[in-house]
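Student: Protein chains in written order, with the working numbering: chain A, 19 to 387; chain B, 19 to 387.
I should point out that these hints are in silico values taken from the structure, not numbers from a laboratory.
A pair counts as met if it fits within one copy or between any two copies, since identical chains are not told apart.
Straight line, CA to CA, 20 angstroms or less: simulated SDA-like cross-link-like pairs of lysine to any residue:
| no. | residue 1 | residue 2 |
| --- | --- | --- |
| 1 | K364 | I345 |
| 2 | K273 | S284 |
| 3 | K176 | E20 |
| 4 | K262 | N286 |
| 5 | K262 | K273 |
| 6 | K149 | L300 |
| 7 | K364 | R191 |
| 8 | K108 | R71 |
| 9 | K374 | L331 |
| 10 | K227 | T301 |
Just so you know, these numbers come straight off a predicted model, no measurement behind them.
Residues per chain, in single letters:
Protein chains: 2
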Amino acid sequence: MEEAKTIYIAGLGLIGASLALGIKRDHPDYTILGYNRSDKSREVALERGIVDRATADFKEFAPLADVIILAVPIKQTIDFLAILAEMDLKDGVIITDAGSTKGEIVAAAEKYLTGRSVQFVGSHPMAGSHKSGAIAADVNLFENAYYIFTPTSLTKPKTLEVLKDLLSGLHARFVEIDAAEHDRVTSQISHFPHVLAASLMEQAGDYAKEHEMTNHFAAGGFRDMTRIAESEPGMWSSILLTNKEAVIGRIEDFKARLDHVTQLISQNDEDGIWNFFNRGRLTRKAMEIHKRGGVDSSYDLFVDIPDEEDVILHILELLRGTSLVNIHINEENREDINGILQISFKNEKDLNHAAKVITENTTYQVTID
Amino acid sequence: MEEAKTIYIAGLGLIGASLALGIKRDHPDYTILGYNRSDKSREVALERGIVDRATADFKEFAPLADVIILAVPIKQTIDFLAILAEMDLKDGVIITDAGSTKGEIVAAAEKYLTGRSVQFVGSHPMAGSHKSGAIAADVNLFENAYYIFTPTSLTKPKTLEVLKDLLSGLHARFVEIDAAEHDRVTSQISHFPHVLAASLMEQAGDYAKEHEMTNHFAAGGFRDMTRIAESEPGMWSSILLTNKEAVIGRIEDFKARLDHVTQLISQNDEDGIWNFFNRGRLTRKAMEIHKRGGVDSSYDLFVDIPDEEDVILHILELLRGTSLVNIHINEENREDINGILQISFKNEKDLNHAAKVITENTTYQVTID
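Excised from the complex, chain A in its bound form:
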C-alpha cells in the first residue's frame, strides 16, 4: 500500500489553499502542512481543515516534506528556492511552484538545486479569480483549467508522475511545455494584453481631463477593453519584470501594426482598412478562445429565448437542483431577434442533463458550446 505523503504548501492564499483542497480530495490520508506569513490565512486554513498544521516560519516544515509547493509571489519563490538549497531536506523531495512566469524560477531552481538530491519542475496552474486569501479557497478552482508543467534538468520522469497523481483531485488538464515557450505564449495572450488595457485606461483618463465627455460616452466596448486594467499591480509588475524580452517583443511588434494602420488611414486605403478589421473578426471567430481554463472553467449551453416575462424563471425551475456556475443573456455576436441565454455548468454531466431537460420541456432552441 502506498505510504501517505507529507505535502508542504508555502503560501496559503487563494492558489495555495485551493491546491491543498484539491490534494485532500483524492488523498484524504496525506498530511498537509502550510506556511503563511500573515496570521489571518493561517487561521482560516486551519479552521477550514485546509491544512493540518501551519507555520509562520518557512523553514520549520520543509525537512518533513515529500513534496514542497511554493505558492508565493515570484520573487519570494526564488528566495525560498535559495533557502531550500541550504537545508537538509528529504532525499528525493519534489519541489515545485505556482508562478505566472516560469523562466526565472526555473533558472533559479537549476542554479540553486543542481547537485542536491531533489527533483524540481516548474508549475503554473492557470486559474484564479479576483477573490483572494484562504477564505476564498475552492476545491474546484482548477477544474478543467490548464495546469502547466515546465520540466527542467532536475525533472525526472517520475517527478511528473508523482505530481499528476498528487494533484489528480484538481480535475485540471496537465500540459508540459518548455519554460521559455510558456513565457512567450503567456506574453501574447496575457501579459501584453494587460499592458494594453492599463495603457488605454491611462490614455483615456488623461484625455478626460481635457475632454469632459470622455467619461460619459465610454460604454460597453471600452469597458471590455479596460476590465483587466483593474488587476493587482504587485503581481503584474513581477510578471513584466520576469518576462522582459517577450513582453518588449510584443510591444515592438504591436507598434509596427499600429504604424501600418496609420498608413492605411493616411492613404485613405478603404480596402486595406476593411481587410484589417475583417481579418481581426475572422481570426477571433476561428480561435475559439478557451472557455474551459482559468477563470472560465465551465461548460456552456445556449438557449434561444424570446423576450417574454418569466422565461428565465421557467428555465431555472426546470433546472432546480443543478448547480450552475453562471447565467447570462448574450446580446453580442448574435443577429437573431431573440436574446441568447447562456448558462454555465461545472461539468459535462450537468450540462448534458440541462440540455435534455430544456429541450424536452420547452420549444426553445438549445446549443451546446
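Starting from the known structure of chain A, fit chain B onto it as the hints suggest.
Tutor: Frame of chain A, contents of chain B only:
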C-alpha cells in the same frame, strides 16, 4: 392643436427602424415614411407597422417630409445630403442623420444645404446591438442612451426643440456637443479601442502560427480584450476614414505610452511599473464607465448570494412578472467569498421594486448601482 407631422426615415435597419418605433410611441398620429434599398427590411417594416409606407426610391418621399432622418451609412448619408440639396423640399424641413462620426457629415450638410430653406443638425444616437435589420427593431433600444446632437450653422434653436419633442419616445438622454469634439471623444473611447482589439487579435493569430499553445492558453482577459474585434468591417472602415486625424492622434499618443513601458521594463524600474498598473486600476475605478448608454442601457442591482443551489431560482420567483434585461454572476472585482448576482432592469421603477422585494424576503445584501 399641433398638426401631425410627416417623418421620413431613410434606412430601415436596426437604427432607423428603432427610431421609427420610438417616434410612434409618443406620436402615434404622425405619418412615418421609410426608405430602404433592400426588400426584406422594407417588408418587415411594413408588416410590423414600423412605417406607414415604404419606398426603394430615396427621392420619392423626401418632398412630403417635415423631418428627414438619414439612418444610412456615413458615405450614403453624405450622398443623400447632396441629393436633397437639389430637390424641392418642404419649407423649413428639418434634416438630421445618425452617423457614428459627425465632422464630415456636418461639413457636407453645410456645404450642400447652405442657402436652402432647411434646418440641419447632426445626430448620433449612441446605441446599438449586434443585431441588425428591421426585424430587430426595438422601441427601447435608445432608452437611457446618449442621443448626441452636433449643431451646425444650419441649426436654429427650434431645430433641437422640435427634434427632442419628436424623439421623446426614445427615452434617451439628449446632449449637445460640437461635431469635432464629438469625433475626438469617440476616437478615444470607441474608435481607437477598436483598432487596438483588431490589432491584438491579428497579432495573436499570427503568433499562434509559430506558437501552438497560443490558442489554448488564451482565456478570459484575452476574450475581453478582443471581443470588439468581431465588429462589422464596413462600418468601422467608414468610421476610421471619417475621423482620421483624431484616430491617428490616439495611435501616436499610445505608441509613446508603450515606449515608456518598454523603458520601465528595460530599466528594471519596479516602482515605475507598479505605478503604471496602479494608475490604470485607480483610473478605471474612478471612471464609473457609463453603464446606461448604448448597449448597456440598464439599471443594475447587485445581490450577495451564497454558493448554494436554487438561490437564483428563488430570487427570480420573487421577481416574477418583472421584466429583467439581464442577469449575471459577477466573479470579478469582488474579494468576497460569495458571488455577486447582477440583475439589470429596464427602468428605475422595476429596479427599486426588485430591491425592495429581495430585501424583504431574503437575508441577502442588496446594492443598487
